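**Q** Let the hints inform the model, and build the full structure from the sequences given.
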Amino acid sequence: MEITLFQGLMLSLLAFVAAWDKRWESFFLFRPIMVGTLAGLILGDVTTGLKAGAIVELSYLGLLTIGGTVPPDPLMAGMMTVVIAIRSGVSAETALGLSLPFALLMQWFVIAEQSLASVNNKYLENALKERKLKKFIRLVFLPDTFMTLGYALITFLSVYVMQDAITSFVSAFPEWLSNGFSIAGGILPAVGLGLLLTVMVNKDNWPFLIIGFFAMTTLNVGNVLPIALIATAVAYLIFLRDKKQDEIKDLVENNGGGESDGI
Amino acid sequence: MVSRNKLDKKTLDKTGILSILYQTGFSFERMQAPSFALSLVPGLKKIYGDNEEEVCDALLNNMDFINTEQHVGSLLVGLVLSMEEAGEDRTLIKSIKTGLFGPLAGFGDAVVWFTCLPITAAIAASLAQEGSILGPVFFFAFWTLLSFARIWIVRLGYNLGANAVSSISKNAKYITKAAGILGVTVLGAMIPNYVSVAFSEDLVLFGTVGVQSIFDSILPNLLPVAMVAMTYSLFKKKVNIVVIILLIIALSILLTFLGWM
Chain V
136 MEITLFQGLM LSLLAFVAAW DKRWESFFLF RPIMVGTLAG LILGDVTTGL KAGAIVELSY
196 LGLLTIGGTV PPDPLMAGMM TVVIAIRSGV SAETALGLSL PFALLMQWFV IAEQSLASVN
256 NKYLENALKE RKLKKFIRLV FLPDTFMTLG YALITFLSVY VMQDAITSFV SAFPEWLSNG
316 FSIAGGILPA VGLGLLLTVM VNKDNWPFLI IGFFAMTTLN VGNVLPIALI ATAVAYLIFL
376 RDKKQDEIKD LVENNGGGES DGI
Chain A
7 MVSRNKLDKK TLDKTGILSI LYQTGFSFER MQAPSFALSL VPGLKKIYGD NEEEVCDALL
67 NNMDFINTEQ HVGSLLVGLV LSMEEAGEDR TLIKSIKTGL FGPLAGFGDA VVWFTCLPIT
127 AAIAASLAQE GSILGPVFFF AFWTLLSFAR IWIVRLGYNL GANAVSSISK NAKYITKAAG
187 ILGVTVLGAM IPNYVSVAFS EDLVLFGTVG VQSIFDSILP NLLPVAMVAM TYSLFKKKVN
247 IVVIILLIIA LSILLTFLGW M
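Those sequence lines, one after another, are chains V and A.
The working numbering applies: residue 136 is where the first sequence begins, and numbers increase by one.
The working numbering applies: residue 7 is where the second sequence begins, and numbers increase by one.
One thing to keep in mind: the hints can contain errors.
[Stated by the list, open to error] In silico BS3-like pairs for lysine-lysine, Cα to Cα no more than 25 angstroms straight-line:
{"hint": "1", "chain 1": "V", "residue 1": "264", "chain 2": "A", "residue 2": "51"}
{"hint": "2", "chain 1": "A", "residue 1": "176", "chain 2": "V", "residue 2": "378"}
{"hint": "3", "chain 1": "V", "residue 1": "379", "chain 2": "A", "residue 2": "176"}
[Unchecked claim] If you want the ones that stay clear, here's a sample from chain V, every Cβ over 12 angstroms from chain A, calculated:
{"hint": "4", "residue": "141"}
{"hint": "5", "residue": "182"}
{"hint": "6", "residue": "183"}
{"hint": "7", "residue": "244"}
{"hint": "8", "residue": "251"}
{"hint": "9", "residue": "287"}
{"hint": "10", "residue": "291"}
{"hint": "11", "residue": "295"}
{"hint": "12", "residue": "296"}
{"hint": "13", "residue": "298"}
{"hint": "14", "residue": "303"}
{"hint": "15", "residue": "389"}
{"hint": "16", "residue": "390"}
Derived from the structure by calculation, the hints contain no laboratory data.
Since this is a predicted model, take the numbers as computed values, not measurements.
Ideal placement from N, C-alpha and C gives every residue a C-beta, glycine not left out.
**A** What follows is the structure in structure tokens.
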């Protein structure tokens, strides 16, 4: 399916809006599940957009911008996976692997932008020292204006200008190679989950990992929501217990201090 | 003596909505400083009225490095406004803010990024994979609601004052632990649900026994667990994520080339 100029422009508008939201991390429009679905909508194939968006979402789940680190770009991964899957007619799993170069390109772009934006802080402070409030407000928005326009431009080049090149590259693949990418697409969510584990698991809560796995494997629930509900109940009980325990501990210690001279 | 006006509810709510744009102007040097200052603008304008010099001085006091979870950022915005309104010493404001953003970031990350995001993403993804548009609709609705909850978070920070916010950061350890338990349980449930890998049915040992059926008889979903264990240990060994992704792609291609998968 050829991507029309109008669709190309709509996709870059989507990238522009989602890039602002990626900076704010507010509405989570920049997450692959949202970008993927909306890109599918623009290209007239919502089903592929949904399915591909879900696969990319899970693969990029642990790749978070905690503490200012920049991971491979989830926005561009969601966008390009859906675009490649629909334009080149490959499976969503195969397209996920092929979107990696674009996600890396945007990772480097964002690192460069956030480094350059450091220069802006000096001008921000100068504006405040000169007591120019309006100038200060304008300057706050300046670096991200360039950043989001960059997203729009790179998206337009990738989805519209380069579409034939990408498609002929993909269609030149032998069957075993595209099957390999497809298998990789099934395994890649393990990267997102593995990375989340490194920040979430500790010596106190690891048994719950086994409980969650066991519940999903044996109970035929099909969705994580029922398990999340049970886990919420357990977490709340443990929250109450910990709080109570520390209160009792404090009480005992305080009494001990008061009676120290009496005994 | 500088005259100060009281903040009203309207100004605070405006601040809450403006703080949805928190992290605008992010850079590696000061991180969220420009947008923290930006969020203070409506409140400071109300407090100091036409006295733009005083507004700019207060903003300059908030241009230091800050990096916290974005919803927690809104709490601190409310707190700083209440202290500016009370005419507290600026050095005190700065040191309280600097002392709080780190511990509160750990709390915010545990609740928002490691609990809310995996759970909402898991629910949205399972709906989306069945072809239901409700997945992304639910996801977007949840995060939009949380964005506008910042109106309430700013009010909370403003009303609580410095001592109460400090006590939140003390209580935060219980909530952080509980959120961790919830998150980790769901993570365990997501492994069999979302990692799909199995050997080809054609791959048999001794002409009869399917390799995959051996794995299934030991423990269902053993291969997905093994894959997550592998990526986990590679991350623990500080292997670069791009290397891990490329390794998985290369391994998959090799196994399909050999006809094992």
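**Q** So, for every hint listed, does it hold in this structure?
**A** Hint check results:
A hinted pair counts as satisfied when its Cα atoms are at most 25 angstroms apart, and residue 264 of chain V with residue 51 of chain A qualifies at roughly 17 angstroms. At roughly 11 angstroms between alpha-carbon atoms, residue 176 of chain A and residue 378 of chain V fall within 25 angstroms of each other, so this suggested pair holds. Our distance criterion of 25 angstroms between C-alpha atoms is met by residue 379 of chain V and residue 176 of chain A, whose separation comes to about 14 angstroms. For residue 141 of chain V, the condition that its CB be more than 12 angstroms from all CB atoms of chain A holds, with the nearest at approximately 23 angstroms.
In this structure residue 182 of chain V is not separated from chain A by more than 12 angstroms, as the shortest Cβ-Cβ distance comes to only about 5 angstroms. The beta carbon of residue 183 of chain V sits about 10 angstroms from the closest Cβ of chain A, which is not more than 12 angstroms, so the claim that it is off the interface is violated. No Cβ of chain A comes within 12 angstroms of the Cβ of residue 244 of chain V; the nearest lies about 14 angstroms off, and the non-interface call holds. Residue-level check failed: residue 251 of chain V sits 8 angstroms from the nearest beta carbon of chain A, not beyond 12 angstroms.
For residue 287 of chain V, the non-interface assignment is confirmed: its Cβ lies about 17 angstroms from the closest Cβ of chain A, beyond the 12 angstroms cut-off. No beta-carbon of chain A comes within 12 angstroms of the beta-carbon of residue 291 of chain V; the shortest separation is about 23 angstroms. Here residue 295 of chain V stays apart from chain A, with its beta-carbon at least about 24 angstroms from theirs, past the 12 angstroms limit. Residue 296 of chain V, annotated as away from the interface, keeps every beta carbon of chain A farther than 12 angstroms; the closest lies near 25 angstroms.
No beta-carbon of chain A is positioned within 12 angstroms of the beta-carbon of residue 298 of chain V; the least distance is around 23 angstroms. Distance check on residue 303 of chain V: its Cβ is at least 20 angstroms (rounded) from any Cβ of chain A, clearing the 12 angstroms threshold; non-interface status holds. Look at residue 389 of chain V: its CB is around 16 angstroms from the nearest CB on chain A, clear of 12 angstroms, so calling it non-interface holds up. The beta carbon of residue 390 of chain V is kept farther than 12 angstroms from every beta carbon of chain A, the shortest such distance being approximately 21 angstroms.
Hint compliance for this structure: hints 5, 6, 8 are not met, and every other hint is.
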